[in-house]
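The opening residue of the sequence shown carries number 136 in the working numbering; numbering runs sequentially from there.
Quick caveat, the hints were computed from the structure, so don't treat them as lab data.
In this text the structure is predicted, and so the values were computed from the model without any measurement.
Cβ coordinates follow ideal geometry from the N, Cα and C atoms, glycine included.
Any given hint could turn out to be false.
[Said to hold, decoys possible] Calculated pairs, SDA-like style, for lysine to any residue (alpha carbon to alpha carbon, straight line, at most 20 Å):
| no. | residue 1 | residue 2 |
| --- | --- | --- |
| 1 | K377 | F239 |
| 2 | K233 | I281 |
| 3 | K152 | S168 |
| 4 | K507 | N473 |
| 5 | K233 | N366 |
| 6 | K307 | E396 |
[To be verified] Distance windows between CB atoms, simulated:
| no. | residue 1 | residue 2 | range |
| --- | --- | --- | --- |
| 7 | E500 | E174 | 41 to 51 Å |
| 8 | F263 | F185 | 49 to 59 Å |
| 9 | K456 | N363 | 47 to 57 Å |
| 10 | R360 | E499 | 32 to 42 Å |
| 11 | S184 | N159 | 12 to 22 Å |
| 12 | S333 | K456 | 26 to 36 Å |
| 13 | N144 | P445 | 12 to 22 Å |
| 14 | K171 | N297 | 27 to 37 Å |
| 15 | A453 | L161 | 42 to 52 Å |
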Amino acid sequence: GINQVPFLNVCKKNGYKTITIDKNTLSPGFAISDLKIVESITEYRKIYSFLLKTLLDAPIVGVGCRSYGKATISLSYLSEKLDVPGNKFEDIKKFYNKQSMNKFLAENRILTPLQIQFRRGKKLDFSFPLIAKPIDGDGKRDISIIQNQNQLNNLKKKKKNNIFIEEFIEGKEYTILGFVQGGEFHLVSVTSKITTESPPFLELAHIIPSDAKDLTGEFKFICQRIANLTNLENTPIVAEFKVDSKKNIYLIEFVPEIGGEYLADELLKNQFGYEYFEDYLRLITGKKISLYNKKKKNSKRSVIRFLAPPMNKSKVVAFNKIDSSKFEKIFFDKVLKNPGEIVNGSEGNLSRVRVTGFHLSGKEEIKLEPSKSNFYEVIFE
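Throw the hints in and build the complete structure from the sequences for me.
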């Protein structure tokens with residue numbers, strides 16, 4: 136898909152031939168790859184079988200993936216079978232049952248939101264609000280807040296087996312990008328994250344540098360502990376944390392993925408000149424990652440800012456420019472939904488309509504209305 140293209144371009148630039156996999160015959164990555172496999176990325180056994188039967192003119196030296204979820208499971212299967220840097224298939228599968236993974240981490244003294252598990256005859260001590268999440272969800276889809284006992288009772292009556300319930304943590308949010316290489320965690324970045332105030336908590340902005348410099352050491356320590364506990368060997372990492380008013384650091388999510396939100400390919404490159412995918416290529420081919428000099432002084436702030444729709448179904452009408460006198464600060468801009476398209480904010484991050492990357496100077500503030508940024512306003516009807 137289109138998200139694989141930046142990584143494929145880096146592979147080409149470094150002289151590697153590429154084999155790409157997608158069930159869509161019109162996938163953009165196929166145009167720049169050397170061998171195309173038309174298959175679902177989740178069919179890892181079929182993919183491996185195809186590779187075994189194919190006469191290649193060079194050995195496979197690495198397996199990479201920009202996607203998430205089941206695609207990452209396929210990545211681990213193929214890298215293990217092909218004996219290239221990666222992680223064990225059984226270890227990676229465990230990350231995609233979020234309920235059991237969070238329970239395992241909590242049992243090993245990683246601070247996570249308390250899971251609410253209902254057993255007949257057992258009285259539970261918790262307070263509202265609670266949050267319900269899909270066990271294998273992604274992209275902020277199907278997340279809901281439970282404000283009172285009636286809402287909780289209604290949810291219990293539905294007896295949904297694909298969700299779990301945990302306490303809702305109030306606090307500032309941070310996104311961590313990193314790499315695990317040879318079992319050692321290496322921090323790439325910490326960004327402040329801003330979301331909508333109500334479910335499904337669409338991500339509106341990622342800001343670097345974050346306002347959590349004093350917590351960087353603890354973030355790194357927690358990520359290393361999780362890497363140790365889960366036997367991670369060679370993988371990119373995305374972690375989400377919330378920090379409450381007492382400076383308690385709660386792990387919200389930890390996955391062995393590159394992550395999205397244009398952090399790796401746009402934000403880091405334009406803030407630090409860092410080419411994330413060059414290091415990812417080194418990681419999966421067994422070469423030492425290089426990172427960048429985090430001690431170098433950098434006075435600018437950079438932002439990835441999304442425009443989001445209302446929670447009900449609506450139609451994108453138009454994008455209005457707000458302040459074109461400052462447009463030179465924009466380093467990235469992409470329309471995600473065109474005028475005329477129908478969107479629904481309750482469907483998660485995929486419902487967002489535009490993304491802009493820009494620099495801030497001094498104490499310049501970020502406008503955080505869901506449908507209005509420093510540069511654009513989206514009109515819905």
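Each hint, compared with the structure:
1. For the proposed pair K377 and F239, the alpha carbon gap of about 19 Å is at most 20 Å, so the pair holds.
2. For the hint linking K233 to I281, the alpha-carbon distance of about 19 Å falls within 20 Å, and the restraint holds.
3. For the hint pairing K152 with S168, the CA-to-CA distance comes to about 7 Å; that is within 20 Å, so the pair holds.
4. Only pairs whose Cα atoms come within 20 Å are accepted, and K507 paired with N473 is accepted, the gap being roughly 16 Å.
5. With a C-alpha separation of about 17 Å, the suggested pairing of K233 with N366 holds against the 20 Å cut-off.
6. Only pairs whose Cα atoms come within 20 Å are accepted, and K307 paired with E396 is accepted, the gap being roughly 18 Å.
7. With their beta carbons about 48 Å apart, E500 and E174 fall inside the hinted range of 41 to 51 Å.
8. Taking 49 to 59 Å as the suggested C-beta distance range, the pair F263 and F185 conforms, at roughly 51 Å.
9. Evaluation of the 47 to 57 Å hint for K456 and N363 yields a pass: the beta carbon distance comes to about 50 Å.
10. For the pair R360 and E499, the beta carbons lie near 37 Å from each other, so the given range of 32 to 42 Å is met.
11. Hint check: S184 to N159, Cβ distance near 21 Å, so the stated range 12 to 22 Å holds.
12. At roughly 28 Å, the beta carbons of S333 and K456 sit within the given window of 26 to 36 Å.
13. At roughly 37 Å, the beta carbons of N144 and P445 sit outside the given window of 12 to 22 Å.
14. The hint said 27 to 37 Å for the Cβ distance between K171 and N297, and at roughly 34 Å that hint holds.
15. A hinted range of 42 to 52 Å for the beta carbons of A453 and L161 is inconsistent with their spacing of about 29 Å.
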